[in-house]
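*Asks:* Sequence:
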Amino acid sequence: MAKNRTYGAETEPSPEGAIVTIPWVAWPRMAPITVKLPDGSPLELDDGATGADAAAAIGPRLAKDALAVRVNGEVRDLAAPLADGEEIDIVTPGRPDALDVLRHDTAHVLATAVLDLWPGTKVSIGPPIADGFYYDFEFPDGFRPSDSDLERIEEAMAAHVKADEPFERSEISAADAIERFKGEDQPYKVELIEDLVRDEGTETVSLYQNGPFVDLCRGPHGPSTGRIRAFKLNSVAGAYWRGDENRQMLTRIYGTAFFSKKDLEEHLERIEQAKARDHRRLGPQLGLFTLLPDAPGMPFWLPNGTVLLRLVENEVRRQLARGGYQEIKTPQVLDEDLWHRSGHWDNYAENMFFTQVEDRRFALKPMNCPGACLVFGSERHSYRDLPLRLAEFGLVSRNEREGVLHGLLRVRAFTQDDAHVYCTLDQVADEVDAICSAIDQLYSRFGFDEVRVELSTRPEKSIGTDEQWEQAEGALREALERQGRDYEVSPGEGTFYGPKIDFHITDALGRSWQCGTCQIDFQMPERFDLVYQGEDNADHRPVMIHRALLGSMERFIGILIEHHAGRFPTWLAPVQATILPVADRHNGYAAQVASRLRDAGVRCTVDERSESVGKKIHDAEVGKYPYMLVVGDREESEGAISVRSHAEGDGGAESIDAFAARIEREVSGS
RNA sequence: GCCGGCGUAGCUCAGUUGGCCAGAGCACUUCACUCGUAAUGAAGGGGUCCCCGGUUCGAAUCCGGGCGCCGGCUCCA
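Quick note on this note's numbering: the first sequence kicks off at 191 and runs consecutively.
Check before you lean on any hint, since a few could be wrong.
Said to hold, decoys possible - List time: in silico DSBU-like cross-link candidates among lysine-lysine, alpha-carbon distance up to 30 Å: (1) LYS422 with LYS254; (2) LYS312 with LYS352; (3) LYS254 with LYS372; (4) LYS352 with LYS451; (5) LYS226 with LYS254; (6) LYS465 with LYS805; (7) LYS465 with LYS452; (8) LYS422 with LYS452; (9) LYS312 with LYS254; (10) LYS452 with LYS254; (11) LYS352 with LYS422; (12) LYS465 with LYS806.
Claimed, not checked - What follows is a list of derived Cβ distance ranges for each label pair: (13) ARG388 with LEU252: 25 to 33 Å; (14) GLY433 with THR394: 57 to 65 Å; (15) GLY593 with PHE333: 17 to 25 Å; (16) ARG717 with PRO286: 27 to 35 Å.
These are calculated hints, taken from the structure and not from any lab test. No residue lacks a Cβ here, since even glycine has one placed at the ideal position from N, Cα and C.
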């Protein structure tokens, strides 16, 4: 066990400038306390000792690196006093929470620098986020900085980092804090405190000062600005105050910080690499899709991408067959009146495309459900037909606001792998159960094993009665609980016609994407007066379930491209093998090989150009084909091919049949 | 829709303070080479400098409007 250290704050300030003003420091020792270290061992300290003392007691190295202390799971300042029996963990670079503390510190330094350069700037909030931090400002006189101002701000920040200014915490009554920030003309801070007082009954708030800058802040902070070894400002963006588009737009400055220049450089390098797998770059490059200004937000599928689209559809169709679904196709353009009946006109008109033919107004369908309802209603149904499952790969068009479009991930026209199940209330749980299972199977086929489930309940803007909503939400909960699934609840995030379950996947970069959805709808069958004839010979109203497994085919493929960085597994690759003749005289043999492989179901091309083998391999690597088949004199005389893959390089000669069998194994085995 | 940035050849980008026929690499075409596991060489074609209007003797360059794209915010029933 480490020895205790007697310590007097006034005579022995920490070399890092930590705040250690504890006038009532015990000497001689009055009542020692014992805290517990992460490995379970006890550490005896003087009463009133702080996190900094604990770090010093453990070792000088730790004392030098210490940034904060985690007490019973909560991160605090090093200067905060510890109490007997607490479990503590010193936060140092590389430990959990360390970067958040550092980045929060850096955000305060950013605000300090901004106030140096533009006095009168109003500050709001500046938290750490996943890869860095931001701070939101309102600059004086309508000025707004641009990216070119970031360098100046960085220079001003560097001066404060170099000065190694301590972060000093103080507490003040909420009323005094409001007066103070009113006096400084900081209305955003005033509003924050007023809300704390009103919503949480807060009486005192904490302030942090570094250099000349004093900020309302809960903390924790590191000991001083000198700990910031490497930082960078990334971009300027607009952001609404409190995320409300009806309120003031502030100027947000994004940045990031690390404990070393090397870490920062590695971070910037990772961003570069992420750009290399951006589906918007890979799409045109690999001949998958392109986006053209003639149809903003509406992708053009190129030949390779169309193959990919069909392959993905086939997987969905396998699930349709397994689940007893029937596939339909409904019109793209429907009478405006239909959208009044469905309720979309009232709730969604601003996002719909309209067109007029003579006197009649039509709309491009933004959803497939009204079409499916028309199909259901077009004939009489018996209770024996239920559940009736109608699936459609439906192209929907939505006039998304400018500025939200993003590659394939947010488009104006996309294909839903949609289905509508008409059933009785008792059948809902079984159906939802089956849908959940189908989603699991499908996602795992594409290599996504981590599925997060979210239940969304009634939003403010909705149609239907309280009773219907309760029944619908209850049915979804029942199905999830029967499956024994973990799920989160998002209150108020349901659709206007019913509650829903959303399914999220996590990609190779750890990002989460919402894909599948399953929504219960009591409203639509009513609006379309859908009925089935029951055992009792009377008409009854069916329940409708909307469900999509992948959601948007376009979006899912965008995610797939980034997940695989364009290098698809063999079963998904639009072109599985490219045949590379060594010289022009081998083109004939290459064509024979291609023909035999195609007969065996292998998707392949021949590179007939009069280029060197090296050049053809280079281009095939860039094209990310799973296999390259080199054919020259040797292969031709033996009736063979030389197989090269990206992962394994030159794999030597193989017979055509053996290669075809290998592909077949890979396709069925994955 | 809001804030900031950007728009030059198919792609990635140069283009001084407004001034000759607007450039490079890759790609493309042609010719030569006929090549054994990541780029053979040469020649050539290709631009409404996003669009419209303005300032000017003169605009890719400056100003206004529009369209599109990028990074965010909001939104995504």
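*Asks:* With reference to the structure, classify each hint as holding or not holding.
*Replies:* Verification of the supplied hints:
no., hint, in the structure
1, LYS422 with LYS254, "24 Å, holds"
2, LYS312 with LYS352, "25 Å, holds"
3, LYS254 with LYS372, "39 Å, violated"
4, LYS352 with LYS451, "15 Å, holds"
5, LYS226 with LYS254, "21 Å, holds"
6, LYS465 with LYS805, "25 Å, holds"
7, LYS465 with LYS452, "20 Å, holds"
8, LYS422 with LYS452, "13 Å, holds"
9, LYS312 with LYS254, "35 Å, violated"
10, LYS452 with LYS254, "20 Å, holds"
11, LYS352 with LYS422, "15 Å, holds"
12, LYS465 with LYS806, "25 Å, holds"
13, ARG388 with LEU252: 25 to 33 Å, "42 Å, violated"
14, GLY433 with THR394: 57 to 65 Å, "27 Å, violated"
15, GLY593 with PHE333: 17 to 25 Å, "23 Å, holds"
16, ARG717 with PRO286: 27 to 35 Å, "52 Å, violated"
Figure legend: structure checked against the earlier numbered hints; hints not met, in rising order: 3, 9, 13, 14, 16.
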